[in-house]
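First to last, the protein sequences are chains A and B.
For our numbering, add 46 to where a residue sits in the first sequence, where the first one is 1.
For our numbering, add 62 to where a residue sits in the second sequence, where the first one is 1.
These are computed hints drawn from the structure, not numbers from a lab.
The structure presented is a predicted model; accordingly, all values stated were derived computationally and were not measured.
Even glycine gets a Cβ: it sits at the ideal position worked out from N, Cα and C.
Watch out, some of these pointers could steer you wrong.
Stated by the list, open to error - Computed footprint of chain A on chain B, listed as stretches where at least three residues anywhere in the stretch have a Cβ under 8 Å from a Cβ of chain A: (1) 69 to 75; (2) 103 to 114; (3) 151 to 164.
To be verified - Here are a few chain A residues that sit away from chain B, every Cβ distance over 12 Å (derived from the structure): (4) R59; (5) A76; (6) V152.
Stated by the list, open to error - Derived CB-CB ranges, DEER-like: (7) H96(A) <-> A164(B): 44 to 50 Å; (8) T142(A) <-> A78(B): 41 to 47 Å; (9) G135(B) <-> D155(A): 30 to 36 Å; (10) A126(A) <-> R90(B): 40 to 46 Å.
So you can see what is in the structure, the chains are spelled out below.
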Amino acid sequence: MSDATLPSVARIRVIFENGDPERVIEFDPARAPFQHDGKAGSILDVLLGHGIHLEHACGGNCACTTCHVIVKGGGDTLSASDESEDDLLDKAPGLTPTSRLGCQAVVEDPDAEIVVVIPRYTINQIASEHGG
Amino acid sequence: MAVEHAARVARIVQHAPDTRSLFLRGPRIAFRPGQFISCLLPVGGETLIRPYSIASSPEEDDLEICLNLVPGGLGSPYLLGLPVGAEVRFTGPWGTFVLDRAPEAEVIFVADGTAIAPIRPMLRRAVATATRHPLRLLYGAAGPERLLYRAELEAMAREHTGFRFEHVPSARLHDEVARRWVDGDADRGRRFFICGVGAIVPALRDLLRGAGYERRAVQYEKW
Numbered sequence: 047m048s049d050a051t052l053p054s055v056a057r058i059r060v061i062f063e064n065g066d067p068e069r070v071i072e073f074d075p076a077r078a079p080f081q082h083d084g085k086a087g088s089i090l091d092v093l094l095g096h097g098i099h100l101e102h103a104c105g106g107n108c109a110c111t112t113c114h115v116i117v118k119g120g121g122d123t124l125s126a127s128d129e130s131e132d133d134l135l136d137k138a139p140g141l142t143p144t145s146r147l148g149c150q151a152v153v154e155d156p157d158a159e160i161v162v163v164i165p166r167y168t169i170n171q172i173a174s175e176h177g178g
Numbered sequence: 063m064a065v066e067h068a069a070r071v072a073r074i075v076q077h078a079p080d081t082r083s084l085f086l087r088g089p090r091i092a093f094r095p096g097q098f099i100s101c102l103l104p105v106g107g108e109t110l111i112r113p114y115s116i117a118s119s120p121e122e123d124d125l126e127i128c129l130n131l132v133p134g135g136l137g138s139p140y141l142l143g144l145p146v147g148a149e150v151r152f153t154g155p156w157g158t159f160v161l162d163r164a165p166e167a168e169v170i171f172v173a174d175g176t177a178i179a180p181i182r183p184m185l186r187r188a189v190a191t192a193t194r195h196p197l198r199l200l201y202g203a204a205g206p207e208r209l210l211y212r213a214e215l216e217a218m219a220r221e222h223t224g225f226r227f228e229h230v231p232s233a234r235l236h237d238e239v240a241r242r243w244v245d246g247d248a249d250r251g252r253r254f255f256i257c258g259v260g261a262i263v264p265a266l267r268d269l270l271r272g273a274g275y276e277r278r279a280v281q282y283e284k285w
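Start from the sequences and build out the full structure, keeping to the hints where you can.
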């Protein structure tokens with residue numbers, strides 16, 4: 047069998063800031079979507095489709111920040127953010143320079159090696175000081 | 063995992079053949095005007111997550127959500143089919159599209175159709191702060207008979223001289239915003255809260271930011 051016929055394997059290593067055990071997901075991005083919320087092939091799609099819970103209060107439609115993740119590696123293999131995502135991230139608790147919304151960041155490289163951290167606090171509820 | 067709440071449909075108000083408000087009664091939750099709840103709907107053997115803006119004010123006992131039938135949608139037919147007494151599970155409140163303190167500049171609210179829902183409690187809050195800054199609502203709907211909360215908005219405009227409310231056809235929202243607040247003068251100190259369905263929302267965002275309004279002065283929620 048030649049390399050060209052081998053299925054692609056992308057990996058997402060998921061680190062939970064709350065101390066839950068790390069997970070590694072191996073998947074073929076070409077098989078997206080893996081479920082029905084978020085952009086097809088997005089981090090949210092991949093995680094939910096592989097049994098990892100990631101909050102997505104708006105249903106994965108880029109209307110809240112509850113699927114906020116911090117990309118620690120492989121960020122260049124993800125789709126670029128757009129203005130709508132950036133505007134929401136602007137209000138995300140614990141924003142970092144490599145923050146993304148899980149529902150919008152699509153794995154574009156079939157051999158991607160991605161590391162994401164799920165922040166301890168993904169809520170933007172009543173206690174939040176954000177917003178205007 | 064987010065905390066789940068359970069409420070009952072206490073009352074249903076039919077605004078139009080395809081548009082209703084559901085009043086949910088359950089544990090009272092604190093929220094900020096403009097936020098939404100995330101309904102967990104048992105449809106087709108799975109749980110759908112669907113966000114609905116809270117159309118009522120934090121001071122009220124029931125949570126009001128206002129929705130219309132979305133052709134091809136799964137969540138709205140389920141909710142619109144619920145009778146009084148039915149249970150609705152949800153998480154929240156969620157969202158950062160909020161206005162809960164006295165405005166520090168003129169505020170322009172732009173709503174299209176049922177997207178008046180999050181704007182309504184924001185407006186009520188803004189009016190209640192007795193702000194000295196003008197408040198404007200530009201409300202897009204196919205015709206005046208399709209305006210939700212029309213009597214309330216008209217009464218608010220009569221009672222609060224700083225608040226003005228105008229209806230425009232939805233198809234003219236972009237041009238009317240441009241005419242009033244882009245071409246109309248050079249003031250770029252206003253703040254905008256925009257809510258609607260689909261492409262009109264980023265189009266208005268881009269129009270206003272492109273015209274010189276600061277990024278954070280243009281807040282929006284796209285459904």
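Worksheet item: Looking at A76(A) again, its CB stays over 12 Å from all of chain B?
Response: holds, 24 Å
Worksheet entry | Status of the stated non-contact between R59(A) and chain B (beta carbon gap over 12 Å) | holds, 22 Å
Discussion item. Please verify the coverage claim for the region 103 to 114 of chain B: does it have three or more residues whose C-beta sits within 8 Å of some C-beta in chain A?
Written reply: holds (count 4)
Discussion item. Quick check on a hinted range of 40 to 46 Å for A126(A) and R90(B), using CB atoms only.
Written reply: Since A126(A) and R90(B) have Cβ atoms about 42 Å apart, the given range 40 to 46 Å holds.
Discussion item. Against the range 44 to 50 Å, how does the distance between the Cβ atoms of H96(A) and A164(B) compare: consistent or not?
Written reply: With a Cβ separation near 47 Å, H96(A) and A164(B) satisfy 44 to 50 Å, so the hint holds.
Practice prompt. Beyond 12 Å from every chain B Cβ: check whether that's true for V152(A).
Written response: V152(A) is indeed farther than 12 Å from all Cβ atoms of chain B, at 18 Å.
Discussion item. Please check whether the region 151 to 164 of chain B has three or more residues whose CB lies within less than 8 Å of a CB on chain A.
Written reply: Coverage by chain A holds for the region 151 to 164 of chain B (9 residues, Cβ < 8 Å).
Worksheet entry | G135(B) versus D155(A) beta-carbon gap, inside 30 to 36 Å or not | The hint (30 to 36 Å, Cβ to Cβ) holds, given that G135(B) and D155(A) are roughly 33 Å apart.
Item to complete: Verify the coverage statement for the region 69 to 75 of chain B against chain A, using a C-beta to C-beta distance below 8 Å and requiring 3 or more qualifying residues.
Response: violated (count 0)
Worksheet item: Between T142(A) and A78(B), is the Cβ distance one that fits in 41 to 47 Å?
Response: Holds - the Cβ-Cβ distance for T142(A) and A78(B), about 45 Å, lies within 41 to 47 Å.
In this structure, only the earlier hint numbered 1 is contradicted, and the remaining ones agree with it.
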